[in-house]
Amino acid sequence: MKLIIAYIQPERLTAVKQALYEKEVFKLSVTNALGCGQQKGYHESYRGVDYEVNLLKKVRIEIGVNDDFVKPTVDAIIAGARTGNIGDGKIFIMDLPECIRIRTGETGSEAIG
Amino acid sequence: MKLIIAYIQPERLTAVKQALYEKEVFKLSVTNALGCGQQKGYHESYRGVDYEVNLLKKVRIEIGVNDDFVKPTVDAIIAGARTGNIGDGKIFIMDLPECIRIRTGETGSEAIG
Amino acid sequence: MKLIIAYIQPERLTAVKQALYEKEVFKLSVTNALGCGQQKGYHESYRGVDYEVNLLKKVRIEIGVNDDFVKPTVDAIIAGARTGNIGDGKIFIMDLPECIRIRTGETGSEAIG
Amino acid sequence: MQAGFAMVESGFTRAKNACNIMMKNLMDFSVGSIMWLLIGFSLMFSAGGNGFIGDLAFFAGKNADSASSLGWTFWIFQCVFAGTAATIVSGAMAGRTKFSGYLAYSAVICAVIYPISGHWAWAGLSGGSGWLGDAGFLDFAGSTVVHSCGGWLALAGAITLGARKGKYTPDGKPRAILGHNIPLAALGVFILWFGWFGFNPGSATAGVPAIGYIAVTTNLAAAAGAITAMFASWFFGRKPDVAMALNGVLAGLVAITAGCDCVTIWGSVIIGGLAGVLVYVSVVFIDSVLKIDDPVGAVSVHAVCGAFGTLALAFVHKDIGTEGYSVIGQFLTQLKGVAAMFVWAFGCGMILFNVIKYTIGLRVTEEEELRGLDISEHGNEAYSGFQIFTAQ
Amino acid sequence: MQAGFAMVESGFTRAKNACNIMMKNLMDFSVGSIMWLLIGFSLMFSAGGNGFIGDLAFFAGKNADSASSLGWTFWIFQCVFAGTAATIVSGAMAGRTKFSGYLAYSAVICAVIYPISGHWAWAGLSGGSGWLGDAGFLDFAGSTVVHSCGGWLALAGAITLGARKGKYTPDGKPRAILGHNIPLAALGVFILWFGWFGFNPGSATAGVPAIGYIAVTTNLAAAAGAITAMFASWFFGRKPDVAMALNGVLAGLVAITAGCDCVTIWGSVIIGGLAGVLVYVSVVFIDSVLKIDDPVGAVSVHAVCGAFGTLALAFVHKDIGTEGYSVIGQFLTQLKGVAAMFVWAFGCGMILFNVIKYTIGLRVTEEEELRGLDISEHGNEAYSGFQIFTAQ
Amino acid sequence: MQAGFAMVESGFTRAKNACNIMMKNLMDFSVGSIMWLLIGFSLMFSAGGNGFIGDLAFFAGKNADSASSLGWTFWIFQCVFAGTAATIVSGAMAGRTKFSGYLAYSAVICAVIYPISGHWAWAGLSGGSGWLGDAGFLDFAGSTVVHSCGGWLALAGAITLGARKGKYTPDGKPRAILGHNIPLAALGVFILWFGWFGFNPGSATAGVPAIGYIAVTTNLAAAAGAITAMFASWFFGRKPDVAMALNGVLAGLVAITAGCDCVTIWGSVIIGGLAGVLVYVSVVFIDSVLKIDDPVGAVSVHAVCGAFGTLALAFVHKDIGTEGYSVIGQFLTQLKGVAAMFVWAFGCGMILFNVIKYTIGLRVTEEEELRGLDISEHGNEAYSGFQIFTAQ
Ligand SMILES: Nc1ncnc2c1ncn2[C@@H]1O[C@H](COP(=O)(O)OP(=O)(O)O)[C@@H](O)[C@H]1O
Ligand SMILES: Nc1ncnc2c1ncn2[C@@H]1O[C@H](COP(=O)(O)OP(=O)(O)O)[C@@H](O)[C@H]1O
Ligand SMILES: Nc1ncnc2c1ncn2[C@@H]1O[C@H](COP(=O)(O)OP(=O)(O)O)[C@@H](O)[C@H]1O
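Chains as they are written, first to last, in the numbering used here: chain Z, 367 to 479; chain W, 367 to 479; chain D, 367 to 479; chain S, 13 to 404; chain H, 13 to 404; chain G, 13 to 404.
It is worth saying that the hints were derived from the structure and are not from the lab. Just so it is clear, CB atoms sit at the ideal spot from N, CA and C, and this is done for glycine as well. Hints should not be assumed to be uniformly reliable.
Said to hold, decoys possible - Here chain H is said to cover these stretches of chain G; the calculated rule only asks that three of the stretch's residues, wherever they fall, bring their Cβ under 8 Å from a Cβ of chain H:
#1 84-90
#2 132-143
#3 388-400
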């Protein structure tokens, strides 16, 4: 199994969820994050003083999947999140040796989906 | 060492913390998350329009433990979080090759506890 | 590649970012977390009732790096975050088999930086 | 009053546009005050002119204190009414309107549109003559003159702008876009409720015993509106909806405004109660059937309930049964006024907003809308430091 | 006033119940207004009836303006008092009460419970006679009539309901459940402070010079209450507690209400100051010793400080030293009133809440409570978009 | 008014200090009220004494109602002014001041500093004589007496304290520290705007027609200030800044306060409009050039615009052109008053704050500052449950 972590633009979340549903990936977890990447941030001013916003708002998605679901999941994330602009985000894929469903105690591949 | 990630119902956090303390797991980190799982969400209405809440509020726990603590920790989480209902949550277990305590610079098993 | 997760005191974030920049680590993601560690929390009172705050506010940093960057990154985090007091925080280092830049589809070492 | 409207509108919309709404409510009253001084007051209340429009006797505030025996007090009181008419519009257009376009139309509303129709009904207050007022049209404190005027303008604005991105699914079903701060909205409603005790009894413009009576009718209509709107949302929807109950208060207040001095006590309960149901039905109808995106329900509250209250007073008038009062006759007069206001305000609104649309521009870009007007239009954040789910 | 109470109660409780509190404060005043019109006003102020209860002369508002020379102004003013008595209860029962049960008891309080005891003390205002008022009981603007009445009802409610889940550890130690928005609560207190200048001086019901004097005593009591409550929390607790200081303001205001017209200037400082300490002690006592869960301290503020202020005025009365005024005599009269109110309000409350408990139901299920009343009772979220720690 | 100031200051500063600001605004008015009763009122308004200071005729409130024909109403009205002067200071010192130090200086300001300079200008109101008032100095409702006094004290405080940690980069460039709740700040401004209609027209201290006129000038100045401040931030900065526009309202209000009764209608627009620009320039100047950290812009709004408004009235006075009125003469008199106030308030402030600094202590430790005053000084959290980015 793999754990897929993706950082995307907040406004793409709906599209990503849509794309995942189409690939029959129904389970995911979302947190809010701030990120620095190639996207450089922007300048704002508050009461006459300029300031730089360089930690931008991002959405962090975490999805545990069986190995044969890795490619569809990654493709779906890319399909939903890509706009071609800097700041589109990044995907990390990690090994996930074990997974347990709390309600039933099932483990492994059965538990994940 | 292992890194244990668990998604649980927010209202079970106190019980999980209690259960972990009894197993002498004192260190943990908590973030708020939104999750989609088997639990389907619910319908609400706002000013006459129905809407579906399908990203439910969850609490994400992250615990780094030595290998011999994995089982007690997982058991404690299950003991604290399980109600038998859909939405109880899920546990992911990952390898954790290295861990460092910032204050002392200790590494590995010593640092984690 | 490695994924480095660090929990630090919120007020050290600026210093850590500074130290990372000096080591040419420009990309990172930040989330807010609550943590229990050796630091025991503190007592407050609200309308005459005492209570214990034992989940303290922490900042969680996530950085994906190439292997040769691991040491500089860890050093930079320690340099920025250490004050010598309990509560300074902890660093976890995990394997990161794959990384994808959403915009370009690049993978691996190229994608991460 | 601006305070109340600002809170209600802001509370009922999203956090990312909260600064923008504050700014709009601040600016429409500020710009409106200056326009009112320059020209609006004169067009509405100068005794010269004819039944359709005043003249420029009080241009730039000259001798404006001679309009009424109340002097400048009359001016400032009327200025607040004008500001109210303008600010109603902002709610319906929340979340997607270009700020510079907003400034432009606020100015026009306070300078020209509101004063002209206002003159029709209220010129008599300053010794002039307006065709509606002369015809016996009753609108004590502005259900039609102020609220419907603002409400129909709001409708024109919402139509011209189009819906917020994401408000309707591709197949046209409305989606709920939740307000970000209901306690703030509730505070705004309470402030408005309180402010209405200034509006309505204040329109008696003298410390006569009538003030007590007006305060009672105003209060009962608001209470009845809250109750019926709550039950409507409970009955037709799932649960007693807080936002709806709050809208019910406003509906009751708007509806009673026309007749607060002349309806019976139980008449005020009836008007308020029906307004509460009406606002529920109207919000759902506009949202789901007409598919016009009015984020705070301004059209339903101000235009629909204002029109309703103006008409309804004919049926619960204190004078019913006394000689010389005819329910049907009064109703037809009221209907004339309501219809005239719709034609005027909606018509002017469609012209005005379309002119702005093709000159200054009325709507922000999609990207700006997604990011939120606070950042894109003002470079400000309403709740700096708070963690806000930036996507739902 | 509702605005203020809504803000205070909401600010002092959790985010997940904020909408519910708004709704309750909105509805108790709305339902209360209608009940007041129907029957409450008549029971309290009709001159017929006897010393214990009025008759139905003003049933459904008929001729209610003839009750006092102030006409309808008197009615609306008293209506706000009735609403206040009802709304006090909501704070003590926050976070676990079923909404339909709440509606039921609000109606009963405004229709029957408050008007009857109010009649005892204040029937004289409208030319009637109440046994307490006739006995020389002094309660100028309602320390006992309004605040204690609401406060004892609140106590009955909190007892009948039981504590919120998680309020007490298994071994009975109280746990702090933090208020979610202290600035909102502070705003509420400031609004109430300001509103009290309407309540107390307004009770003079005429523009007499007494108004200035009453405003001064009211203000000084509030200031003194804030200061002493702050120092109490600093001295007995760890640090100057903001929530306590805010409660101190309310304590001072409630306590001075009975005697705002008749105590000396320094008497008002003393009453306010002692009330500030008293509210601290009382909150801790009720929370830790009696183990009754009163989330906002309504019982301490309204019942305890109201009773205290009513009694204390006997000792700092302006007339002390003049012939015909006896401190002991007055104190005993005051005590009679305070005791009567406790027996009546607490007694009625216990009966009422238990009846509701076993019919409509008074408390939500555990699951609903955990999820928060906003979602379970109203399907609303107070702060949509904000990230809220859903467990601590 | 405290409500408004508390909201504005709290909204413009960080969430971690929100309780502290509430507490400070609550306490300065509470402590101030008591000090005012004890000694302040007497020093300011007793007719004995000389042109520089009153005597102790009204010590501890004795016979204080004899000061003016308005009796205690006069006292309470002036008490609010005194509280305002004290509360202005808290904004400039937000986020780093020790609470016990704050209590000390609030007391001194209301007891001594404000009353003495107030006596100079306003002793005439109670039949006494003050040297400034006798010289023909005009300050109708306190641009200089109240606002500049508070503003210069605030300047002294901000200088003595030093900047908040992180406000300036090592090389001295200012950093923006964003306000955490702009809607709250906006609400505060609306409340203040409304409250000013109490302040300014209320200073007419009688229901004369002047009240209407004063309300109009007050309103127009505020509106003009909002507009020009917005355009200034649009023109010099990037975008129309909400915080600046809100400050512009306050700037206009403060500036018109001195002359609200005696300037022409358009004079009020001019004064307000210039004040709006001035406040922008002044905020930037103090922040970037003087490098004094005034989190809410209190010095710019109250001291600078107060002084400006006091001077400017000479040029737009209604009497210009009538015999016996000399623009230059009046300007010089005004200048004398403005200068005297600067010397007095800033001087006293520097002494006072330094005395506190080396006795009680004026500033919290760095660690307490970082953690936030809410937790370190009060053990409270303003927004319990909300997730707040604790570092940016
Ligand atoms: N190496 C990394 N480590 C941690 N987070 C990263 C890393 N690279 C990118 N991110 C996250 O992804 C988000 C999007 O990055 P982006 O600006 O698209 O940069 P890039 O084009 O380099 O992927 C960033 O804001 C950050 O939160
Ligand atoms: N495969 C997964 N990947 C990421 N998060 C998951 C996954 N499965 C479950 N979760 C998280 O766990 C939470 C609880 O899931 P739950 O509804 O109990 O489903 P299940 O019964 O399938 O575990 C979800 O809301 C989600 O946040
Ligand atoms: N074993 C662990 N698992 C998860 N999080 C941890 C662990 N140890 C520490 N943390 C996180 O790091 C933060 C800082 O820990 P700290 O109090 O410095 O303890 P220590 O000195 O043991 O590292 C904690 O608040 C917690 O969020």
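Counting residues of the stretch 84-90 of chain G with a beta carbon closer than 8 Å to any beta carbon of chain H, are there 3 or more?
Holds: 5 residues of the stretch 84-90 of chain G have a Cβ under 8 Å from chain H.
Would you check chain H against the stretch 388-400 of chain G, counting CB to CB pairs closer than 8 Å, and say if three or more residues qualify?
holds (count 11)
In terms of beta carbon proximity below 8 Å, does the stretch 132-143 of chain G have 3 or more residues touching chain H?
violated (count 0)
Of the numbered hints stated above, the single one contradicted by the structure is hint 2.
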